[in-house]
Amino acid sequence: MVKIKLLLNVLTVCIAVVGYLPLQPYLGPFARVFLPGALLLGLYLQWKERPLSARVLTPSSIILFLFFAYGFRMDRLVPVTADLLVVFLGVRLLGERSGRNSLQVFALSLFCLAASSLYSLSELFLVYLLLLLLLLAVSLVVLTFHSHDPDIVLPRDQAKTVLSVSTLIPVASLPLLLFFFLILPRTQYPLWNFATGQAGKKTGFSDVVKPGETSTVAEVKGVVLRAICSKVPEQQLYWRGIVLNGFKEDAWVRLPPPREFQLPPKGETLSQEIYPEPSQSIYLPALNVASAISGVRNEKTPDGVFTGRGRLDKRVKYNAESVLSDVVQVKGGIDRDFYLKLPANVPDRMRAKGRELNRPGIPAAERMRLLERFFHEQKLSYATTRLPVGADPLGSFLFDKRRGNCEYFASCYALLLRLAGVPSRLVGGYRGGTYNAMGGYYLVTEEMAHVWVEAYLDGVGWQFVDPSAWAIGLPRPNERAGALRMYLDAAGFYWNKAVVTYDLEMQMDLVRSAGNKARNIRLPAGTARMLATLLIALLPVAALLAWYLRRPGSAEERVLKRMLRAVEKRHPGEARGNEGLFELAARLNDSEFRQFVSLYGDAVYRDRHLNREELARLDEIIRKHRQHGS
Amino acid sequence: MLKKLAKVDEINAVLTKLSSQHLKGKHRALKLCLMALLSGGHVLLEDIPGLGKTTMALAFASALGLSFGRVQCTSDLLPSDITGLSIYDRTEGRFNFIKGPIFNNIVLIDEINRAMPKTQSALLEAMEERRVTVEGVTYRLPDPFLVLATQNPVEQVGTYPLPESQMDRFLIRTGIGYPPEEIEKEILKQGSIRDDILRIPALVRHEDLVEAIRTVAGEVYIGDKVTDYVYSIIRATRNHPLILTGLSTRGGISLVEAAKAAAYLHERAFVAPEDVRDVAHAVCPHRLIFRPEHEGVDKEQILNAILKEIPLPVT
Chain A
1 MVKIKLLLNV
11 LTVCIAVVGY
21 LPLQPYLGPF
31 ARVFLPGALL
41 LGLYLQWKER
51 PLSARVLTPS
61 SIILFLFFAY
71 GFRMDRLVPV
81 TADLLVVFLG
91 VRLLGERSGR
101 NSLQVFALSL
111 FCLAASSLYS
121 LSELFLVYLL
131 LLLLLLAVSL
141 VVLTFHSHDP
151 DIVLPRDQAK
161 TVLSVSTLIP
171 VASLPLLLFF
181 FLILPRTQYP
191 LWNFATGQAG
201 KKTGFSDVVK
211 PGETSTVAEV
221 KGVVLRAICS
231 KVPEQQLYWR
241 GIVLNGFKED
251 AWVRLPPPRE
261 FQLPPKGETL
271 SQEIYPEPSQ
281 SIYLPALNVA
291 SAISGVRNEK
301 TPDGVFTGRG
311 RLDKRVKYNA
321 ESVLSDVVQV
331 KGGIDRDFYL
341 KLPANVPDRM
351 RAKGRELNRP
361 GIPAAERMRL
371 LERFFHEQKL
381 SYATTRLPVG
391 ADPLGSFLFD
401 KRRGNCEYFA
411 SCYALLLRLA
421 GVPSRLVGGY
431 RGGTYNAMGG
441 YYLVTEEMAH
451 VWVEAYLDGV
461 GWQFVDPSAW
471 AIGLPRPNER
481 AGALRMYLDA
491 AGFYWNKAVV
501 TYDLEMQMDL
511 VRSAGNKARN
521 IRLPAGTARM
531 LATLLIALLP
541 VAALLAWYLR
551 RPGSAEERVL
561 KRMLRAVEKR
571 HPGEARGNEG
581 LFELAARLND
591 SEFRQFVSLY
601 GDAVYRDRHL
611 NREELARLDE
621 IIRKHRQHGS
Chain B
1 MLKKLAKVDE
11 INAVLTKLSS
21 QHLKGKHRAL
31 KLCLMALLSG
41 GHVLLEDIPG
51 LGKTTMALAF
61 ASALGLSFGR
71 VQCTSDLLPS
81 DITGLSIYDR
91 TEGRFNFIKG
101 PIFNNIVLID
111 EINRAMPKTQ
121 SALLEAMEER
131 RVTVEGVTYR
141 LPDPFLVLAT
151 QNPVEQVGTY
161 PLPESQMDRF
171 LIRTGIGYPP
181 EEIEKEILKQ
191 GSIRDDILRI
201 PALVRHEDLV
211 EAIRTVAGEV
221 YIGDKVTDYV
231 YSIIRATRNH
241 PLILTGLSTR
251 GGISLVEAAK
261 AAAYLHERAF
271 VAPEDVRDVA
281 HAVCPHRLIF
291 RPEHEGVDKE
301 QILNAILKEI
311 PLPVT
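Protein chains in written order, with my numbering: chain A, 1 to 630; chain B, 1 to 315.
Since the hints were made in silico from the structure, they are not lab data. Every residue, glycine too, gets a C-beta built ideally from N, C-alpha and C. Hints may contain errors.
As the list claims (entries may be wrong) - With a straight-line Cα cutoff of 25 Å, these simulated SDA-like cross-link-like pairs (lysine to any residue) come out:
1. B/Lys308 with A/Leu564
2. B/Lys308 with A/Arg594
3. B/Lys225 with B/Asn304
4. B/Lys225 with A/Ala555
5. B/Lys225 with A/Glu557
6. B/Lys4 with A/Glu613
7. A/Lys317 with A/Lys517
8. B/Lys225 with A/Arg565
9. B/Lys4 with A/Ser206
10. B/Lys225 with A/Asn611
11. A/Lys561 with B/Glu309
12. B/Lys225 with A/Glu613
13. B/Lys225 with A/Leu610
14. B/Lys299 with A/Asn578
15. A/Lys210 with A/Asp400
What the hints assert, rightly or not - Output of the computed footprint for chain A on chain B, the stretches with three or more beta carbons under 8 Å from beta carbons of chain A:
16. 223 to 235
17. 259 to 270
18. 308 to 315
This is chain B alone, in the form it adopts within the complex:
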C-alpha cells in the first residue's frame, strides 16, 4: 500500500470532531482555515457580524492547543497596540518589552478595515515576515502562526477597505455563511456556546501539528500535469476580457500551496487537479482586479466560468 502521510489522521480527526461537535455547519470554513494553517498562509473572513467568526477562531485555537490573541480594530488603533511596547520597570530600572496580541499562534483581527492604513500596514508586514521589530529589537512570532482577519462587507462609513494589493497577502478569503436550518435551530435552543468552547481540550499535540505543516511543505508533490493545469488557470485569468489584472505569480504560488494542503487533508502525497480546482474558489477571486467598467460583476462567477472551460488533466 502507499506510504501514509505523517500525522494526517490526527489532523483530520480534529477537523471531523470540531465540525461535528462544536462548530456545526462550518465545515468548509474550518477546513479552509486548517489549510491556511498547514500551508502557512492567512485567512480573510468576509462576512456579516454574528455568524460565529470569533467563536470559530476560539474553538479552532483551543482544539489545536494553540494560544489565541484578539485585536478589535478601531480607527485610533496604533501599531504598538498590536505588536506590544516597552514599558519602564521602576524596580529594575529598565524598559521591559510587553508583547502585544500578535505574539500568539492564532490571532483574530476583528474588522481589519476599521484600522487606519498605518496599522493595517504594520499588521500585514508582520504576517508576511513572521517577525516584529520594535525599537530596534526583532522578535520572532510563534510557530505555527495564523492570522484570521475579518472584514464586514456591509459597513462603509469610517472604514479603510483593504486595497487589492494587500488582499493578495491573504492566502484565502472566504465567508462563513448562515448555518443550515436544522443546525441553526439547534444553536438557537442551546444558546451561545462561547463558554463551552473555552473548555475544549487540545485534540492534537503541538509537535504533531508542526510535523504536519512540515509534511505539507516538504512531502506533498505537485507533478507536471497539475502544474500545467495551474498555469492554464493563471493564463486564462490574465487573458480574460473582463479582467484587468489576472493572477500574479504569488497568486499562483498560493494556489499551489493551498492545493498541497488540500491534498494532504485528502491523504494524498501528491496534488490532484481537483485539489487545485477546489481551493481556487477560496484562493483566487480576491486577487483578480477587474476592469473599472466591470467592477460590479461577481468575481467568483467569472472564476467558475473560467474553471469550467479548462479540462482537468486525467491522463
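Looking at chain A on its own, in the form it has when it is part of the complex:
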C-alpha cells in the first residue's frame, strides 16, 4: 500500500533539493542556511501534521522580500534574485502540501536550477536538469491523484505502474530536447559570472618571476588546458607560454622583445587541438616550440610567444602546430645587449661566480657546461616549501639553503649565464601533463606551471635548458591519475567540447574524425584471413538456419496462405484467430472461398496431398477471387 500523500511529500523534498543544490555555492549565507532549515522544519511539521497556515507564511514572505529588496543594487540583480528564489522555496516547504503549494515548489525549483546556469555551465547542470525533469513528470502525475483525493492509497503494484508510466514521459521527451539543442541559440560562458568578471581567475604561469617573495608555493589543482594530440615523450612535454626577457628592479618581466628572425625549427610537426579553461590570460600556450596557431585571432612575437587578441575568458579552442625541438635558430643574430642586461642588484657571490666563467678563451658552450657542473656540485634540491627568502634569496638558494623551485633554478641559471656573457631568457609555461587515454588528450593543471631557460649560442641559436632537471630529487610529474578522475575529466571535457562550445562545424568535425579513426584501425596481421575463413564456415550454417526458419511450406500450406491473403484483402480484419476454414467461409459468405475450402478440405482432412489438377483448380479459384475482389 502506498500513500499518495507520502509519495508526493518525498517527491517535493527531492525536487526542492535538486533545485537548491546547483545554486547553493553562489548563495548568500542567509539563503544558504535558510533552505535546509526550512526543509527540516517543514518535514517535522508535516510529520506532526501541523503545517504553518498561509496567515503566517504570507506576511513572512513579504518581510523576507523586503529584507532582500533592501540589499538590491543594479549590479547585484542576479545574487539577490537567486537568494529570494531559494528563500521563497524554503517558505513554501513550511506550508501545507496543497496542489497549489506543490506546483509553486516545482516552479521555484526549476527557476533555481535556471538561475544556477547564470553562474556556471558545468556538465552537472545536465544531470540536475534531467533529474528534475524526471521528478517533475512523476510528481505532476502523482499530484493529479492527490488533487482528486489527498488521502488516496494505491496498492503497491498499481503505484508501481503509475510511477513507471510517468517516468516514461520525460524519457519520451528526450528526442525533443536534442532537437531544441540543435536549433536554440546558446551562450558559451555563464552570463552572470562573465558580466561581473568573477570567474576570470589569473591562472598558470605568472608574467613576473621574482623568487623569494614567499617561502611556500601553494599547490593549486585547477585545470589550465586540455590538448588533444598524440602522446609525446615525457621529457619533451613543455608547454611554452611566455618569455621573460628583462628586469624590473630585481624581478624578471616581459619587455617588448627586440626584432629577431627565428627560423622555423626542423623536424616533425605535431598538431594539437587546445581547449584552454577560461581565464584572464592573453597568452596561448602550446608545445615547445610552436610555429603557428590558428582558430583564435592571435599575434606572434619575435621570441615565439603567441598572444590572443582578447582575454581567454570564454570557452574557445585553437589549433597549434609545434615541432618538438631543443633549438631555435635565428637568422641574422640577436640583440645581444638586450639579452645581457642585468637587474638592479646582483648578489656579490653570484657576480663573482659569473666573473669566474666570463674569461676570454672559453667558448659559450663550455661556459654553459661549466655552469651545469657547478649546479650539480652545489647539490641543489627541488622544493616548494621553506624556500629561501630575504634580501638575497638567489644567493641563499645557491650557496646556503640549496633548495628551491623552478623559479629559483631558472632565474639563477639565466642570471649566471648573463653574468658569464651568454645571452639568456626565461620561458614560462607548463611542464608535463596527464594523458587521458580515453579522451586522447593531455590534461594540464595549475601545479604543472614551470619556468625554464633559453640560452643563445652563436651558430646554434636559442638552446633549451631546464636547470630544474639538475636538482636532486626532482619530483616526477604525477603520470597516473585515478581512473575515476580521468573518466570524470573526460566527461567534463566532452561536455564542454560538444555542448558548451558547440557549433555545427565542430559537430561535423567530430563525426569526421570519428570516421577517420574508424578507418585507421589496424587489425593484427592475419585477422582478415581468419575472419574470412570464419565467415565462409558460418555461411552454410546461416543459410541452413535461414532455410529452416523460412523453409517453403508444402504445396497445401502455400496455396492456403495465398487464399487467406486474398480473403483478408476482400474482408479486411474479419478473420479471427482460431477459426475453422469451413466456419470462416460460411461466416464471410464468400462463395469462392467456400469452393476453395471444400476442395482443399477434401484433400487435407482426408490425409492425402492435393494433386496437380486440384492445385490448378485452387489457383483458378484464387485468381477469380482476386478479380471479383478488385
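Given chain A, put chain B in place with the hints provided.
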C-alpha cells in the same frame, strides 16, 4: 464436383422444415438430437419443465415417421414397466409378451432422475445393448433407436441423480433454453401446438433414414489431422489442473461419432476440425469429473477455455 453423400438433402430438409415451421427456436437442440440419431447415440435433455421437451420429441418422431414411446418416471417405476412383461392369455393358455414403451424408435424418458437406480440401470443397459431380455427371451429393439431422457436440474428432493459413470452413456447432453422473445410471443399467441404436431406427416422415408445412418457410420472419413486434434482435446482435459478425470476413450469415440454426424449434416464426407469443436460442447462437459474442491465451476466454461487453447489444424 465432389461425390454427394447419400440422402443428406432429405435429412437436412427435415431439419430445416421442423425448425422453421413447427419447432421454432429449437434448431440447436433438434440438430443435436438428429446427430445423436444418426450416430446411434442417446440424448440427455437437461432443462426445467415446460420448455417443450416432450413437444420436441413428439414432433421429431412424427416428422421422421418413427414410432414414439414415452415413460414418465416415478420412484415406484419398475423395470418391467419399461421393457414390458408376459401376461397369461386364458384363451390360448400361454403367456404372451406385451412389449413396453421401450420398443419404439424414439423413447422419451421423462425425469429419469426420479426413477430408482434399479430401473435406471435396466434402462441404460437397454440403451447400450439395443436389446431387452425378459424371462430368458431376448428381444431386439427397433432400428433406429433413440432415447431422449430428460432431467430436471432444479428439483432435488426424492430424486436419484444419475451418477457420472452413467452420464457417460449419453452421447449428448444439452438444454433447450428459452425461445427468443419474438418466437416466444408467437407461441403465446398460438397456444399449445401439441395437436398439430401429432398430425405432422412423415417428411422422410424410413429407408432413407436407415441409409443416412449407415452413411454416417461408413462413409464419413476422419483424417489424421482431425484425429490428432481430438486427441489433443482429450489430453488437455486429462492434464487440466481442475479436472480429476478427463475424457475416457469412450468419450473420445463419442466425440468422433458426433463429429461425423455433424460433418454429414454439413454435407461433407470428411470431418473438419470445427465439427469436432462444435459438438464438443454437447459431447464433453458431462463426462468431465472435477476435483471435489472445484465441483461448483461451470464445466462448459472450462471446456471452452481448453478448446480456445488448442489451435484448429488448417494445413
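Verification of the supplied hints:
A hinted pair counts as satisfied when its Cα atoms are at most 25 Å apart, and B/Lys308 with A/Leu564 qualifies at roughly 21 Å. Taken as a hint, the B/Lys308 and A/Arg594 pair is honoured in the structure, with Cα atoms around 24 Å apart against an allowance of 25 Å. Taking the CA atoms of B/Lys225 and B/Asn304, the gap is near 21 Å; set against the 25 Å cutoff, the hint holds. Straight-line distance between C-alpha atoms of B/Lys225 and A/Ala555 comes to about 17 Å, which keeps the hinted pair within the 25 Å bound.
For the given pair, B/Lys225 sits about 14 Å from A/Glu557 by alpha-carbon distance, which is consistent with the 25 Å threshold. A distance of roughly 20 Å separates the Cα atoms of B/Lys4 and A/Glu613; the hinted pair therefore holds under the 25 Å criterion. A hinted pair counts as satisfied when its Cα atoms are at most 25 Å apart, and A/Lys317 with A/Lys517 qualifies at roughly 21 Å. The straight-line distance between the Cα atoms of B/Lys225 and A/Arg565 is roughly 23 Å, inside the 25 Å bound, and the hint therefore holds.
Restraint check: the Cα-Cα separation between B/Lys4 and A/Ser206 comes to about 111 Å, which exceeds 25 Å; the hinted pair is violated. The straight-line distance between the Cα atoms of B/Lys225 and A/Asn611 is roughly 19 Å, inside the 25 Å bound, and the hint therefore holds. With a CA separation close to 22 Å, the supplied pair A/Lys561 and B/Glu309 stays within the 25 Å bound. For the hint linking B/Lys225 to A/Glu613, the alpha-carbon distance of about 23 Å falls within 25 Å, and the restraint holds.
In summary, the hint linking B/Lys225 to A/Leu610 is supported, as the alpha carbons are separated by about 15 Å, within the 25 Å threshold. For the given pair, B/Lys299 sits about 21 Å from A/Asn578 by alpha-carbon distance, which is consistent with the 25 Å threshold. Restraint check: the Cα-Cα separation between A/Lys210 and A/Asp400 comes to about 18 Å, which is no more than 25 Å; the hinted pair holds. With a threshold of 8 Å between beta carbons, the proposed coverage of the stretch 223 to 235 of chain B by chain A holds, since 4 of its residues qualify and at least three are required.
With 4 residues carrying a beta carbon less than 8 Å from a beta carbon of chain A, the stretch 259 to 270 of chain B meets the three-residue requirement, and the given coverage holds. As drawn, the stretch 308 to 315 of chain B meets chain A at 5 residues by the rule of a beta-carbon pair under 8 Å; at three or more, the given contact holds.
When held up to the earlier numbered hints, the structure conflicts with hint 9 and nothing else.
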